[in-house]
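Asks: Here is what each chain is made of, one letter per residue.
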Amino acid sequence: MSEPLQFVHHPDADQISAFVEHALPAHEREQMLDHLAVCPECRAVVALSLPEVEEPRQSQPAVARKTWWSGWTLAWPVAAALTASALFVVYIRHAPIAPVAREQQVAVADSAVPPALHEQPIAPAAGKESPRRSQAPPASSLGVVAGVAVAAPKSEREAPLPAQSIGGPILMGRNAVPARPPAAPPPAPVARDAIASPGPDLNRVPAVIAMAPANAAEARPEPAASIHAAAPGPPLDGQAAKASVQTAAASTAVTSAPIKSANSDLSGIEIAQAPTKVPQLQRPLPSNLPVLSMAAQAQRIVAIDTGHAVFVSKDGGKHWKGIQAPWPGRAVKASLVEFPAGSVKSLTLRKSATAGQSRENDRPLAQNTSGALAAQTASSLTANGPRLSGAVTDMTGAAIPGASVTVTESATGTSRTVRSDNAGRYVVDGLAAGTYGLEAQAPGFQKKELEAVAVPSAGQGIQNLSLAVGTPTQTVTVQAESVEMDSSATANAKFAASSQRTPVFEIITDNGERWTSADGVIWKHM
Amino acid sequence: MARPERECSILRDVDTAPSKPADLPLAIPVGEQSTAQKHPQLPAQELPPGIIQELWRSAEAEACGLGVEEFGSVLAAVGEKVNHGLPPGNHPSTAQKAAFFRSLHLAELALAHACAQGRDAAWETFLTRYRASLVQTAVSITGSATLGQDLADSLYAELYGLRQPEGERRSPLASYSGRGSLLGWLRTTLVQRFRDHHRRTHREAPLENLDRPAPAPGNPIPANLPELTAAVARTLRAIAAEDRFLLSAYYLDRQTLLQIAQTLGVHEATISRRLRRLADSLHKQLLENLISAGLSPAAAEEALGADPRDVEINLRKLLQTSQTSTFSNRTRSNSTPGKQ
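In order, the protein sequence lines correspond to chains D and V. Under the numbering used here, the first sequence is numbered contiguously, ending at residue 526. Under the numbering used here, the second sequence is numbered contiguously, ending at residue 340.
Be aware that one or more of the hints could be misleading.
Stated by the list, open to error - Distance ranges between label pairs, derived from CB positions:
# : chain 1 : residue 1 : chain 2 : residue 2 : range
1 : V       : Ser133    : D       : Ala79     : 45 to 53 Å
2 : V       : Leu147    : D       : Ala79     : 50 to 58 Å
3 : V       : Gln96     : D       : Ala79     : 25 to 33 Å
4 : D       : Pro51     : V       : Glu288    : 54 to 62 Å
Unchecked claim - On the chain V side, residues computed to face chain D include the following (Cβ under 10 Å):
# : residue
5 : Leu86
6 : Gly178
7 : Asp253
8 : Gln285
9 : Asn289
Rather than coming from a laboratory, the hints here were simulated on the basis of the structure. Computed from a prediction, not measured in an experiment: that's the story for all the values here. Every residue gets a Cβ at the ideal spot worked out from N, C-alpha and C, and that includes glycine.
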């Protein structure tokens with residue numbers, strides 16, 4: 001800067017105000033700054049001439065840079081994690097609403113059995129129900145019921161014994177305890193019923209039909225064919241299944257197992273895993289929500305959406321009508337059930353002997369009557385020979401997992417020990433026909449021994465064990481004899497004759513109540 | 001350029017002979033005055049009459065009672081005063097003059113000069129527009145409603161031209177050039193009058209006793225203080241005027257970043273960064289100057305202190321021209337106790 005431009009006097013108000021308002025030209029501004037640098041008076045005047053400041057801030061020599069983790073750098077991942085957690089929680093909370101999605105249903109079709117026999121359901125879908133409840137026998141069923149359907153959880157599909165049900169040729173105790181009607185599942189679930197052979201000597205059609213109310217149904221030719229082939233007679237399940245297939249009613253899932261000839265043996269039994277797909281409807285529900293559960297009978301369909309609203313259609317899903325829910329709670333499952341026209345007549349059973357606590361022993365057997373176990377046990381008979389199986393329960397019927405079951409052959413004294421699975425079931429296969437001693441023990445329970453349990457040569461011995469609470473040193477010895485099922489055609493005919501039933505819709509609420517309706521509109525509490 | 005001596009002389013002039021902007025209505029630098037004397041012809045007269053007419057209309061000078069010729073004379077005086085915004089020695093062209101005049105606050109310029117000439121219409125307009133703002137600004141500056149009102153009334157009387165030092169009515173409004181706003185000019189004038197009032201009512205210590213402050217007992221003077229002082233003087237001379245103003249305003253006057261940013265027209269974050277860079281640069285240059293003066297690096301570091309913050313301390317000691325608090329600080333401490 002040139003020396004003559006230096007201020008001799010202080011800048012006047014005009015220059016200072018112009019400097020404050022940045023209106024000075026560059027050379028005058030330079031002069032002003034040069035003067036202000038050495039003149040505290042003018043700096044003070046300039047500072048006071050500044051416009052009003054809202055909030056004078058504390059002077060800081062330097063502005064600290066923000067760290068890399070400040071700001072929004074991590075906010076988005078955190079927000080995403082929280083959102084994912086929230087969605088996971090919501091999913092977990094809603095997942096149990098459709099427990100039947102994981103159900104699998106096993107059915108064994110026996111072509112030699114009269115068509116009416118195909119429609120004999122016994123065990124309802126297990127799903128979310130408690131084991132005890134699902135093991136409860138059908139109301140007024142005291143004997144062996146042929147043609148059973150099993151609904152087993154997916155996780156238990158590969159268990160040695162099908163979950164919660166034992167079906168097929170089962171000989172029950174003479175004094176088997178009947179099921180408790182309120183807690184017992186309906187005696188005749190229809191849509192997911194399967195057909196099982198009552199005896200190993202009968203030819204079977206190993207077509208497997210699995211119908212899960214909450215599962216998507218892919219209408220395939222095989223299921224329809226198998227359904228019609230298996231159950232042409234009664235309009236009950238045949239029509240229901242047919243309607244389900246025709247309307248793509250989602251509750252029908254059918255394996256692609258080929259239908260074997262009537263002479264095929266039990267090796268063709270398969271277990272179908274119902275696909276967990278959302279049912280497909282011709283038209284969406286009025287609520288535009290996915291279908292949670294659905295049951296169909298002819299053109300009449302009852303569906304529950306994920307909002308637990310119940311809709312009924314009388315024309316195969318073309319038009320829907322909402323139902324005012326008379327039940328407390330939320331409807332979680334819709335299905336078809338049968339009410340027997342009369343009391344269920346048990347098949348002719350041959351029970352050679354029952355002694356001691358055989359009544360208690362037979363109760364779980366009755367509760368566990370199911371087609372899946374029958375299917376598996378029957379299918380494995382030919383492969384592994386005679387076997388002995390059953391369930392280990394406590395006095396209330398609850399399964400005892402991990403119980404040690406020792407089978408001792410009376411003739412040779414050789415013994416084998418197996419342990420019960422999570423459902424309390426045990427299987428000892430590869431046995432020779434004969435008489436065995438059975439011993440079961442579990443921690444916290446009294447040891448129980450059964451003597452002279454007979455294993456038939458061409459069948460399967462089923463012996464359930466009920467342990468009483470006590471110390472392991474206490475032993476209860478029971479003389480019992482295994483039973484052998486009567487698989488004669490006469491028994492099947494008798495059973496078929498007693499199986500004329502009327503299908504009705506059933507809705508299960510989340511608090512366990514069951515409501516039935518013949519038309520899907522008027523509901524009645526069971 | 002013997003700036004330190006000039007600084008002392010200027011500051012002594014300030015304290016011993018307070019500036020009187022009223023007496024010096026146009027504080028034109030020496031160079032500009034000489035330039036104006038070399039070109040006595042009014043540049044505005046060279047403007048085409050159409051441009052002057054256009055400027056007169058845009059200034060609405062007629063409403064203030066100013067004619068075209070009077071307004072042209074005002075423009076000519078303003079242009080001559082500041083050389084039409086050009087550095088001294090440059091001869092503005094007609095276009096440059098027109099551009100400069102168009103950049104002015106013409107309406108306020110016409111109002112101020114009409115008031116300076118005692119036009120009643122202009123005063124009515126002035127009172128309507130600026131009376132309340134004048135009082136409010138005075139109260140804001142002084143921090144006291146009474147003092148502010150008195151200061152505003154005093155300035156109003158002065159602006160009206162009641163002072164007649166030489167038998168001639170002169171108003172400070174005549175010094176308004178129109179480069180800034182009239183309200184800003186009024187505010188600055190108020191501050192100057194308040195400063196004069198402060199000087200009249202407060203006793204200040206003479207600078208001679210404060211030029212060389214006694215060292216603090218806990219802070220011994222470095223042995224090589226002369227070298228350090230010379231190095232600081234050389235370093236400060238080497239930096240730009242804006243940087244020196246920055247150092248003075250921040251370290252000496254303790255102005256806030258926002259105040260400095262408003263003064264310089266930049267963001268306060270920019271001021272912060274510049275201060276940091278400036279401190280680092282000063283530290284390096286001081287070391288270099290000390291080493292070039294014959295000190296070893298260790299001695300140079302010792303002279304400055306190992307902590308770079310000692311540069312600030314040294315600057316304060318060496319640049320502080322007065323140990324008393326500055327005018328602004330004292331004013332604020334008086335007006336708003338507890339803030340400082």
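Asks: If a hint holds in the structure, say so; if it does not, say that too.
Replies: Verification of the hints:
{"no.": "1", "hint": "Ser133(V) - Ala79(D): 45 to 53 Å", "result": "holds (50 Å)"}
{"no.": "2", "hint": "Leu147(V) - Ala79(D): 50 to 58 Å", "result": "holds (56 Å)"}
{"no.": "3", "hint": "Gln96(V) - Ala79(D): 25 to 33 Å", "result": "violated (59 Å)"}
{"no.": "4", "hint": "Pro51(D) - Glu288(V): 54 to 62 Å", "result": "violated (41 Å)"}
{"no.": "5", "hint": "Leu86", "result": "holds (7 Å)"}
{"no.": "6", "hint": "Gly178", "result": "holds (9 Å)"}
{"no.": "7", "hint": "Asp253", "result": "holds (6 Å)"}
{"no.": "8", "hint": "Gln285", "result": "violated (17 Å)"}
{"no.": "9", "hint": "Asn289", "result": "violated (19 Å)"}
Comparing the model with each numbered hint stated earlier shows that hints 3, 4, 8, 9 do not hold.
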